[in-house]
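Given the coordinates of chain A, assemble chain B onto it according to the supplied hints.
Chains A and B supply the protein sequences, listed in that same order. Per numbering that gives the first Met the number 0, residue 0 is the first one in the first sequence, and the count goes up by one each step. Per numbering that gives the first Met the number 0, residue 0 is the first one in the second sequence, and the count goes up by one each step.
Read the hints as simulated data drawn from the structure, not as lab findings. A couple of the hints might just be wrong.
What the hints assert, rightly or not - Some but not every residue of chain A turned toward chain B, in silico, with C-beta under 7 Å:
hint	residue
1	142
2	252
3	255
4	256
Even for Gly, the Cβ is constructed at its ideal location relative to N, Cα and C.
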Amino acid sequence: MSDTPSATAELKLPKDLAAEKGLVNVQIDGIWHQFPKGTRMIEACRQAQVIVPHYCYHPKLSSPGNCRMCLVQMGMPPRPAPGQEPQRDENGYEIIGWMPRPVIACANTIGENMGIRTTGELVEKCREGVMEFLLINHPLDCPICDQAGECRLQEQSVQHGRGVSRFVDMKVKKPKNVEIGPRIRLDDERCIMCSRCIRFMDEVASDPVLGFTQRGTHTTLTVHPGRLLDSNYSLNTADICPVGALTSNDFRFQMRVWFLKETPGIDVNCGTGTNITIWTRGNKIHRITPRLNDEVNSAWMPDSHRLNFHYIDGEARLTEPLERGTGILPVSSVPSFSTTTWPAAIASAAAKIKATPAAQTAIIASGRMTNEELFLTRALAAEIGTGQLALVPRFAEADALLIAADRNPNTTGAKLVLGTEDPFAHLDSIREGVRNGSIKSLIVLGDDLITDAGFTTEDLGKLDFLLQTSVLANPTAEQAHIVLPSAAFAEKRGSMVNLAGRLQRLNRAVEPQGQAHDDWEILRDLLLAISGDTNQVHQIEDVFKVLAENVPAFNGLTLSKIGHQGTQIADTGYQIPLLANERARKAAGLING
Amino acid sequence: MAVVKLQRPKLNFGEKIYFGALIKGFFLTMTHAVKSLRGKSVGADELASSGLGVTMQFPEQRWDEHLPEYYRGAPTLVTDEQGRERCVSCQLCEFICPPKAIKIVPSEIPSDDPWVKVEKRPLEFEIDMIRCIYCGMCEEVCPEQAIYLRKDYLITGLKRADMVHDKKKLYEIGGTRAGLVNKWNELK
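The shape of chain A in the complex, shown without the other chains (with noise of 0.2 Å):
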């Protein structure tokens, strides 16, 4: 190095680069990175794609650094002697003085010109026996176990453990298959304590019910007497769970992991728009689990939403298009119902819709409705030539973390598809219109009038002429005159927009049952069949792409740019309440993630 100011100015070092951006540089494996100050260890590893095993640590949760997996070998520049230049060395780089003993890289942040070493000899022997702790009291049940093929242990055990166990002694005996809450099965003698469940539990559901009592290898995970695990959020512990000491009774013994394939999508039980991987074998959902998205749900989601699929290949679900009166087949259990033909359910419909004037038409939509529907919806609309076009509100009590008050999972898509502020509007007129007579065909595309929109049998006994179409059968299908199966939110691919203003994409997991169609086809072909023009619309991609063409929020987009962490669209003030609380966790320095 050169002693003229001038020199030294030019040749910066890397600890003055980097500070210069708020960074500090850190060597992992022998190459130098640079991240932000007060970053962990394990979490600079991870960002520079270096794998370092670990069960306790979670980025959105507290490190208590417990399960000592993540053990490493750290080291930094000794410190120079009073009036002794540190070393450097040909990039400016002090050399590292490696410490002797290893840490844990989940608690630790990093400093500058630090060095981590993940690999080597010291670090590999630390792990083989962290491992082999873990394994003393491990019972060899993976073959029954629900978490095997997804099991953290199974895998580190796999890498790093040592094939036989040298331990001679019984092994402790713990409680197994305690039901520690309804949704909730807990065996304790897979638990490895790493801790997560217990500040899931405290840190993030607010509801610190689990905790440990007993002391040493006798350590064992309980409820707090007198208290169930029964939180909305409890089926998340059994996600963060390494092992197989917390699983979900719901999936318990339906099927082993490998088998399945898993399916990015979104939740639609409310406005959040939690991201979800659907999780399915052949055509069958096995499970639902949340998907990381830092803008919308974290890594979390309510059990009240993740088990609501089972309906998708239940009792009711509608599997055939049906027509009041006399058709190919009656249906048993409805007998006014035969089943039809898809082309002959959609001429039927549009000669009945043509036939009546368009004032004496209304169409209620759904706020459950992709935007791709809703544009169709609004162009079905404008074929009839009515202006009567509502969405049924559905609003329920919200919770303080992700379950949003508006249940509907497309309000904001609505408002922006349809150009209107508010969407409900026409619904009362609607509802005035069909009890006094002056609106005789009804066309309701996906809800219930009866249960959600303040319909009477009555009132829709009065009309010519009901459509409806739906996923599954309910009492508003009862009175229609032509019942068309749709297909359910796993079935279809689309976007919605989400309370916040965040664009998303459904994607299709399963094909839909029985005779079922995609509901943006459905429209289509009721709009080709009134209109009487040839089919330009093909794909879903294309109905995007006309809608990306009218609505100015959607400019530029096509449904593979909306990408599986969405995009956003529209900037609507809302706030998820369980993202207040992560960030503030996060600006407090209390999580990583």
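Just chain B now, kept in the frame of chain A:
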């Protein structure tokens, strides 16, 4: 690659009309025919001949006692000495099965069952014997020593459904197998 030109052998007149070879062959065949009629075929004893030639008259006569120890016949499920069905429906055989012949529906063992601590067992276990290729991977992969290839090879049926072995049938063929590792003992 170098081209090697082969020289065809030069045949003399006798070889060219090949009549001598025909007669030679005829006598060889007749020698064996006579031996066979006299019940003295070569290898008749080792091949368990039914008297005429070396042919075994299947199905009246069976090869069964000659089957080697490692013979791979129909895959079956076994119970142990305590009468416990060993399968815990981990579905590894279903996963490994190359022709996808195995279908398992897992279920939880009810709380009043003596083996409730095992927690899991198959509700349905089906092996489609039309698909099965007798490779033995299911036996190899089984972590509970529950599935074994037995020496049954006569799997017949009049329709496809007959060829699907259900749980009952599989235990019937499999029977009891003693001396296996007892993982679910009283210490468990």
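Requested in this report: Any hints from earlier that this structure breaks? Give me their numbers in increasing order, please.
Outcome: Hint check: 4 fails alone, others pass.
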